[in-house]
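K.L.:
Sequences listed follow chains Z and P, in order. Each residue of the first sequence is one higher than the one before, starting from 418 at the first, in the working numbering. Each residue of the second sequence is one higher than the one before, starting from 418 at the first, in the working numbering.
One thing to keep in mind: the hints can contain errors.
To be clear about the criterion: a stretch of chain P counts as covered by chain Z if any three or more of its residues have a C-beta under 8 Å from a C-beta of chain Z, and this derived list gives those stretches [what the hints assert, rightly or not]: (1) 419-428; (2) 445-456.
Partial list, computed: chain Z residues near chain P (C-beta under 8 Å) [stated by the list, open to error]: (3) 513; (4) 534; (5) 618; (6) 630; (7) 633; (8) 657; (9) 776; (10) 784; (11) 789; (12) 793; (13) 808; (14) 826; (15) 827; (16) 834.
Quick look at which bits of chain P chain Z covers, simulated, 3 or more residues with Cβ under 8 Å [as the list claims (entries may be wrong)]: (17) 476-484; (18) 633-639; (19) 711-725.
Source of the hints: derived by calculation from the structure; they are not laboratory data. Cβ atoms here follow ideal geometry from the backbone N, Cα and C, with glycine treated the same way.
2 protein chains.
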Amino acid sequence: MSIKYDVIKIAKAAREASRKLAGLSSEVKNKALLKMADGLEKEAGFLKKENEKDLSYGREKGLSSAMMDRLTLSDKVIKGMADGLREVAALPDPVGEVTKMWLRPNGLQVGKMRIPLGVIGFIYEARPNVTADAAGLCIKSGNAVILRGGSEAFHSSIAILKVIHKALEGAGVPADAVAVIPTVEREAINEMLKLEEYIDLIIPRGGEGLIRFVSENSRIPVIKHYKGVCHLFVDESADLRMAEEIVINSKCQRPGVCNALETLLVHEKIADEFLPEMGKRLIDAGVEIRGCEKTMKLIPQAKAAAEEDWSMEYLALILSVKVVKDIDDAMAHIARYGSLHTESIITSDYHNSRRFLREVDSSVVLVNASTRFNDGGQLGLGAEIGISTTKIHSFGPMGLEDLTITKYIVFGDGQIRV
Amino acid sequence: MSIKYDVIKIAKAAREASRKLAGLSSEVKNKALLKMADGLEKEAGFLKKENEKDLSYGREKGLSSAMMDRLTLSDKVIKGMADGLREVAALPDPVGEVTKMWLRPNGLQVGKMRIPLGVIGFIYEARPNVTADAAGLCIKSGNAVILRGGSEAFHSSIAILKVIHKALEGAGVPADAVAVIPTVEREAINEMLKLEEYIDLIIPRGGEGLIRFVSENSRIPVIKHYKGVCHLFVDESADLRMAEEIVINSKCQRPGVCNALETLLVHEKIADEFLPEMGKRLIDAGVEIRGCEKTMKLIPQAKAAAEEDWSMEYLALILSVKVVKDIDDAMAHIARYGSLHTESIITSDYHNSRRFLREVDSSVVLVNASTRFNDGGQLGLGAEIGISTTKIHSFGPMGLEDLTITKYIVFGDGQIRV
Numbered sequence: 418m419s420i421k422y423d424v425i426k427i428a429k430a431a432r433e434a435s436r437k438l439a440g441l442s443s444e445v446k447n448k449a450l451l452k453m454a455d456g457l458e459k460e461a462g463f464l465k466k467e468n469e470k471d472l473s474y475g476r477e478k479g480l481s482s483a484m485m486d487r488l489t490l491s492d493k494v495i496k497g498m499a500d501g502l503r504e505v506a507a508l509p510d511p512v513g514e515v516t517k518m519w520l521r522p523n524g525l526q527v528g529k530m531r532i533p534l535g536v537i538g539f540i541y542e543a544r545p546n547v548t549a550d551a552a553g554l555c556i557k558s559g560n561a562v563i564l565r566g567g568s569e570a571f572h573s574s575i576a577i578l579k580v581i582h583k584a585l586e587g588a589g590v591p592a593d594a595v596a597v598i599p600t601v602e603r604e605a606i607n608e609m610l611k612l613e614e615y616i617d618l619i620i621p622r623g624g625e626g627l628i629r630f631v632s633e634n635s636r637i638p639v640i641k642h643y644k645g646v647c648h649l650f651v652d653e654s655a656d657l658r659m660a661e662e663i664v665i666n667s668k669c670q671r672p673g674v675c676n677a678l679e680t681l682l683v684h685e686k687i688a689d690e691f692l693p694e695m696g697k698r699l700i701d702a703g704v705e706i707r708g709c710e711k712t713m714k715l716i717p718q719a720k721a722a723a724e725e726d727w728s729m730e731y732l733a734l735i736l737s738v739k740v741v742k743d744i745d746d747a748m749a750h751i752a753r754y755g756s757l758h759t760e761s762i763i764t765s766d767y768h769n770s771r772r773f774l775r776e777v778d779s780s781v782v783l784v785n786a787s788t789r790f791n792d793g794g795q796l797g798l799g800a801e802i803g804i805s806t807t808k809i810h811s812f813g814p815m816g817l818e819d820l821t822i823t824k825y826i827v828f829g830d831g832q833i834r835v
Numbered sequence: 418m419s420i421k422y423d424v425i426k427i428a429k430a431a432r433e434a435s436r437k438l439a440g441l442s443s444e445v446k447n448k449a450l451l452k453m454a455d456g457l458e459k460e461a462g463f464l465k466k467e468n469e470k471d472l473s474y475g476r477e478k479g480l481s482s483a484m485m486d487r488l489t490l491s492d493k494v495i496k497g498m499a500d501g502l503r504e505v506a507a508l509p510d511p512v513g514e515v516t517k518m519w520l521r522p523n524g525l526q527v528g529k530m531r532i533p534l535g536v537i538g539f540i541y542e543a544r545p546n547v548t549a550d551a552a553g554l555c556i557k558s559g560n561a562v563i564l565r566g567g568s569e570a571f572h573s574s575i576a577i578l579k580v581i582h583k584a585l586e587g588a589g590v591p592a593d594a595v596a597v598i599p600t601v602e603r604e605a606i607n608e609m610l611k612l613e614e615y616i617d618l619i620i621p622r623g624g625e626g627l628i629r630f631v632s633e634n635s636r637i638p639v640i641k642h643y644k645g646v647c648h649l650f651v652d653e654s655a656d657l658r659m660a661e662e663i664v665i666n667s668k669c670q671r672p673g674v675c676n677a678l679e680t681l682l683v684h685e686k687i688a689d690e691f692l693p694e695m696g697k698r699l700i701d702a703g704v705e706i707r708g709c710e711k712t713m714k715l716i717p718q719a720k721a722a723a724e725e726d727w728s729m730e731y732l733a734l735i736l737s738v739k740v741v742k743d744i745d746d747a748m749a750h751i752a753r754y755g756s757l758h759t760e761s762i763i764t765s766d767y768h769n770s771r772r773f774l775r776e777v778d779s780s781v782v783l784v785n786a787s788t789r790f791n792d793g794g795q796l797g798l799g800a801e802i803g804i805s806t807t808k809i810h811s812f813g814p815m816g817l818e819d820l821t822i823t824k825y826i827v828f829g830d831g832q833i834r835v
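Looking at chain Z on its own, in the form it has when it is part of the complex (with noise of 0.2 Å):
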């Protein structure tokens, strides 16, 4: 009972703030942003206090090593939260943009105006510093945001919001524009997803079950980011060197991220030349190849992939590696085993570059490039709030934009319809 009543009263306050957050300028809200980040700085040792006291728990708990890092506000942490933040400050704001405008036959000028969703409920996992930049995110696109942190982080959020309140007060920006959940019990979270009246959009961040959870118990509409089971398709035409330089940038630069590579398809004109030598430098660089028979024959080192490594999101340094008959056999393969996240193409011929950008459907699909590239940042989107692998509302990356939707403002003289 308590628990209900105190996540609606939260959840009417943002709503009210919502309303004032929807009309400040610019310039009110990236001072806010900057305050904020000169606050977490300057209160850098009352942050570290509050989150030793999460670390003891976890220490009690026994937290893995992972977990504990994730957990930890160190000074480099906290400072990564600032740079975040004045790194928003930064990006143009989306709210207000006209995106398009045209003129009717009878004179009314018909535009699309860009404005926040209202409040949006954000769900995630351990890491303290992601109250930090979803508020920002949010603040800086005209949205209230509700924060619902892992339980793990409880006391570092709630210090983390302190400091954030003060910082909004003083740009005279109403502070019930970001709030956190006060409570670690789960419950409350079933309550938030009932509030479709006061909460416009969920975003859960957090493995698949959290999403999971949150996507079939929510009245409110849930943007989701599945598992990323990314594929790299390289082309009988391909440039091999490149190939090669890609595939490892895709597989290790980073194994343990949804944009890394999982499945390498190889032309079966080329697997003979290409195979052999991707193989040795995969090999040397500590990853576990899973293949096809013909990838056996090529990569003796190569164990034999079962049909469920097709669907892994490894998340490691393992890669599932087949060789296909062509180009078509290739976006079967991806149509069928692919979660709609990131697919590249390597090639040299314009017909297939065209094919695999336009048929291929996923959220980002590339040619000739590194799938690490399905990024808010490196896709030129400024910060990112998330990934989304669902077609409603954004699919890929989003970033300030994907906050905001668009009204109709209608200019006219008198007009009537007859």
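Using the hints, position chain P against chain Z.
P.N.:
Same frame as chain Z, but now just chain P:
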């Protein structure tokens, strides 16, 4: 069990068809639409015969004459469906459009390309002609569609589907791209709403009850169209003759639709001059007026408005009228009682026109024009599939573009991430 199985089978086949549809040229899709139009006209006799089954069942059930009217497939309605399909065929194809393209410092050229959503679930009430309209818009935008019409129109919808399937096959488009759930059981809707794996978007069109039911029970994103409580504010500086014409048009041209005017707000400084004459014209047009105290003094025939009147969507010749202090008071009233649908200001003041356009949070905001222009055709989108009053994916009238999303396309020359 069997309904569940049928719905899943239909949805799987639609998903399969949607993959083929995404790659079809505009030529093929247009040919299919024109064949559908011709087929409906040629099979008018068959359609009317099947429609008669629904009509006789409707008479037995004692449906209202308005319902019976909506249910009837007359020659005129059939010609309307055919002409609608021809109009959609003549519209530009949104699929494949690159809406933006930019160059990154590393030479990557990044663009956003429109692609179909995939499979649309369309749930609607009595009118059987919606079957053809929705099929036309979905096919043109490269989407498969699963239609669930009102049970009263069951035989008519199935008959229309038969004609459509023949046309699709004649044009080389997979027939599974347009499906009708072949049962009147409500359970089929529940099954549809669970199939997030096969259906990308649900569009319900009908009364508030249907829309709430769908949005509370769906795991698939839903485009909601709730009621339209549309406002018009006559500012101090308004051209009062223009205001009169626009009020009459907004209220009386077609009072039963969602973009008809429901509440008139009048600046207190011009109320004495404006309201007596405006009231006379409204009453002459048969409009019942429910007003605030000041309104009642200026229009003797006005009844007192109750608190509920300010949030009523009358859909009838009734208008609530309130005298307000100024534009801030007007915008506060709209924020409190409005439905984010359509609001218009009548003004000659530059600053107030800018403020109203910027600050009013509705899907269509107009200056000096009738609220009746919130319509896809009137705003220049071509045909419309609905009006969204929620700010996710689309806000306002939805045309072909709103049945697409953009993916990122990236042209590289060997770029890797550093």
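K.L.:
None of the hints should be skipped; say for each whether it holds.
P.N.:
A quick look at each hint next to the structure:
1. 419-428: n = 0 at 8 Å, threshold three: violated.
2. 445-456: Not satisfied, violated; 0 residues make the cut.
3. 513: Status holds, d = 7 Å.
4. 534: holds, 5 Å
5. 618: It holds, given that the least Cβ distance between residue 618(Z) and chain P is near 6 Å, below 8 Å.
6. 630: Not OK, violated: residue 630(Z) not within 8 Å of chain P, min 12 Å.
7. 633: holds, 6 Å
8. 657: violated, 12 Å
9. 776: holds, 6 Å
10. 784: holds, 5 Å
11. 789: holds, 4 Å
12. 793: Since the shortest Cβ distance to chain P is 10 Å, the answer is violated.
13. 808: holds, 4 Å
14. 826: holds, 5 Å
15. 827: With Cβ-Cβ at 4 Å, under 8 Å, it holds.
16. 834: holds, 4 Å
17. 476-484: violated (count 0)
18. 633-639: holds (count 4)
19. 711-725: Our answer is that it is violated, as 0 residues pass the Cβ test (under 8 Å) against chain Z, missing three.
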